[in-house]
Amino acid sequence: GQQVMQIPQYQHVQEGEDFTTYCNSSTTLSNIQWYKQRPGGHPVFLIQLVKSGEVKKQKRLTFQFGEAKKNSSLHITATQTTDVGTYFCAGQETSGSRLTFGEGTQLTVNP
Amino acid sequence: DTAVSQTPKYLVTQMGNDKSIKCEQNLGHDTMYWYKQDSKKFLKIMFSYNNKELIINETVPNRFSPKSPDKAHLNLHINSLELGDSAVYFCASSQGGGVGHQPQHFGDGTRLSIL
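Protein chains in written order, with the numbering used here: chain A, 1 to 111; chain B, 1 to 115.
These are computed hints drawn from the structure, not numbers from a lab. Don't take each hint at face value.
Stated by the list, open to error - Here are the simulated SDA-like cross-link-like pairs (lysine to any residue), alpha carbons at most 20 Å apart as the crow flies: (1) A:Lys36 to B:Asn79; (2) B:Lys19 to B:Asn79; (3) A:Lys36 to B:Lys71; (4) B:Lys41 to A:Thr108; (5) B:Lys41 to A:Lys51; (6) B:Lys36 to A:Gly41; (7) B:Lys41 to A:Val109; (8) B:Lys41 to A:Gln11; (9) B:Lys36 to A:Gln9.
Claimed, not checked - Computed far set for chain B versus chain A, every beta-carbon distance over 10 Å: (10) Gly28; (11) Pro66; (12) Pro69; (13) Asn75.
Source: prediction; values computed, not measured. For glycine and all other residues, C-beta sits at the position ideal for the given N, C-alpha and C.
Next up, chain B with everything else stripped away, as it sits in the complex (with noise of 0.2 Å):
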């Protein structure tokens, strides 16, 4: 059984299209994250909700909008699509909230290429 599982896999459109990708997680864990990872390999995180209630967002153009309708779940929606926004997506979990020093679980990642 997939962990923290993200849909879809693969995400090609144009620019200015609007988009969602979604994650779920069953590990049971009560905080979820969203980072994007370039081309350079770096990993920014983007927002994260510990039981649906948003606990960090980066400077992210507010065109991203996270929605979390349960703790098991942490979706991102894309207003209008940019160029900049090709990279990939990872969603995360972990159990705490941060507090403590829980690890992070990754979902495979979501790779958006903007035409």
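For reference, chain A alone in the conformation it holds in the complex (with noise of 0.2 Å):
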């Protein structure tokens, strides 16, 4: 079955540093999406990339949909305290079919 690896599991930055959050697919996606959850909260969607080679961003985050739509990376600059938490990746096979979730990279930010 499908398969969404994320690395790296755990990322300790200072605040101010930059951060880097990649995904990896077993198989050929129709889409993406990322979500963050806050500690004690829970997951909320961030975006979805759709194209080939699609670049988003919101503010200091950009996200990133490779050319053969097997990978994604979110980008943070310059962190802050705020954007301590878990973020997620999720790739739908199909736009039919369920989506899988990769295992988080659990942010944290030192002030």
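Put the complex together from the two separate chains, hints included.
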């Protein structure tokens, strides 16, 4: 079955440093979604990427979808303590299939 | 107004007991899900219902039984609770039954602790 792998599992940064999490799928995806879960909270949808090579930005967050539609990344510029949480990617093989979540990257930001 | 609401928020119970978690969504979505999140934060899909019909049933012990009385509700009943059932259980909903690219909306989670 489809597998979605995410690295790193944990990342500790100093406030102001950049952060990147990577997501790789064993199969070609029709779309990929990103979610953020704050400590003690629930996953919250951030963004969806659909097109090959797509790049989307949300303030300090940059999301990329690979040309082959098998990988994706989330980059945060100049992290802040409010960025703390677990970031999940979730991929869908075809438009009618289930969403498969990656294992998540737990980000901690030291002030 | 809470979009996806789960009750209870916390559940502490003895091994061997039977318990239920309720979930309701007021977003008008037609697909609902149950996820289990362990201590390492891994999110595992357990079940999915589309318009009250079971469409995803992962390898979950048959002690877990979902019930969807209507498309706005998806409850989870667990029989004979075991220590390994301790986790956070999230309910979620989305529009479209997995067709298309609709995001999922999660409830606040139910923190289940087995003593």
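A quick look at each hint next to the structure:
1. A:Lys36 to B:Asn79: violated, 32 Å
2. B:Lys19 to B:Asn79: Holds. B:Lys19 to B:Asn79 sits at ~7 Å (cutoff 20 Å).
3. A:Lys36 to B:Lys71: Violated. A:Lys36 to B:Lys71 sits at ~26 Å, over the 20 Å cutoff.
4. B:Lys41 to A:Thr108: holds, 14 Å
5. B:Lys41 to A:Lys51: violated, 29 Å
6. B:Lys36 to A:Gly41: Measuring from Cα to Cα gives roughly 14 Å; hence the hint holds.
7. B:Lys41 to A:Val109: holds, 18 Å
8. B:Lys41 to A:Gln11: Roughly 14 Å between the alpha carbons, so the hint for B:Lys41 and A:Gln11 holds.
9. B:Lys36 to A:Gln9: Distance ~18 Å between B:Lys36 and A:Gln9 Cα, so the pair holds.
10. Gly28: holds, 17 Å
11. Pro66: Holds, because the least Cβ-Cβ distance between B:Pro66 and chain A comes to about 15 Å, which exceeds 10 Å.
12. Pro69: Its Cβ never comes within 10 Å of chain A, the nearest being 23 Å, so this holds.
13. Asn75: For B:Asn75, whose nearest Cβ neighbour in chain A is about 18 Å away, the distance exceeds 10 Å, so it holds.
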